[in-house]
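*Asks:* Between the sequences and the hints, there should be enough to build the whole structure, so can you do that?
Single-letter residue listing:
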Amino acid sequence: NAGVTQTPKFQVLKTGQSMTLQCAQDMNHNSMYWYRQDPGMGLRLIYYSASEGTTDKGEVPNGYNVSRLNKREFSLRLESAAPSQTSVYFCASRGQSPMTNEQFFGPGTRLTVL
Amino acid sequence: QQPVQSPQAVILREGEDAVINCSSSKALYSVHWYRQKHGEAPVFLMILLKGGEQKGHDKISASFNEKKQQSSLYLTASQLSYSGTYFCGTGDRAGTYKYIFGTGTRLKVLA
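Quick note, the sequences are listed as chains A and B, same order.
With the numbering used here, the residue at position 47 of the first sequence is 47, and numbering never jumps.
All you need for the numbering used here is the position in the second sequence, starting with 1, plus 1000.
These are computed hints drawn from the structure, not numbers from a lab.
Bear in mind the structure is a predicted one, so any value in this text is a computation, not a measurement.
Mixed in with the good hints there might be a few duds.
[Claimed, not checked] Below 25 Å or equal to it, Euclidean Cα-Cα: the simulated SDA-like pairs (lysine to any residue) are:
#1 K1098/B with R68/A
#2 K1098/B with G40/A
#3 K1098/B with M41/A
#4 K57/A with T1103/B
#5 K1037/B with T112/A
#6 K1037/B with E1066/B
#7 K9/A with T1103/B
#8 K1098/B with F104/A
*Replies:* See the structure below:
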């Protein structure tokens, strides 16, 4: 079991460029999440998907789009990157019950926007 | 709004105790606690679902006061391995998938 995997691990973009962050889990989890982590701000929820075919906004969705491609994969897209989106991005997944199961996090993607 | 954690940072000597608090401006139904080592992903510690329930994980335990909308994490006889940043994640109702994380508490344990 690989758990939650994310690609790429590092990325440098120029302002205005677009890119997609990929996330996949092999634990047959229903729900998946995207967070960003900035110094002093903790983890902030960008988007989440309770199940295949559904997505919902989190705390900081502006500037991002997501796709729940299938049960395994949940991608995050930056259409026009801005320096304010420089951050570490974590993907996570959770099992069947949202109230009792832990979130498993991927290793993160370190994104720098110049 | 993000739950507020206090203190923001704490330094301990091995064997000392610490308490980390997590306070929300919204009513809470559940609280998760996670620890993140530098450069790594957060790792789950425990979840609390009921008001006043206390749980333990080795020498780390937590309480949840639903009425006060806060949770506390207790680290006793701290070890070097406890160093890291601790986050609370809060859910405001049963069945929610939307968890909001706190601002984090950096804890460093010195030998």
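*Asks:* State for each hint whether it applies.
*Replies:* Against the structure, the hints come out as follows:
Simply put, K1098/B and R68/A have alpha-carbon atoms about 16 Å apart, close enough for the 25 Å limit, and the pair holds. With a C-alpha separation of about 21 Å, the suggested pairing of K1098/B with G40/A holds against the 25 Å cut-off. As the CA atoms of K1098/B and M41/A are separated by approximately 18 Å, the hinted pair is consistent with the 25 Å bound. For the given pair, K57/A sits about 20 Å from T1103/B by alpha-carbon distance, which is consistent with the 25 Å threshold.
Straight-line distance between C-alpha atoms of K1037/B and T112/A comes to about 21 Å, which keeps the hinted pair within the 25 Å bound. Distance hint between K1037/B and E1066/B is unfulfilled; the C-alpha atoms sit about 28 Å from each other, more than 25 Å. In summary, the hint linking K9/A to T1103/B is supported, as the alpha carbons are separated by about 24 Å, within the 25 Å threshold. Of the pairs offered as hints, the one joining K1098/B and F104/A holds, with about 15 Å between alpha carbons and a cut-off of 25 Å not exceeded.
When held up to the earlier numbered hints, the structure conflicts with hint 6 and nothing else.
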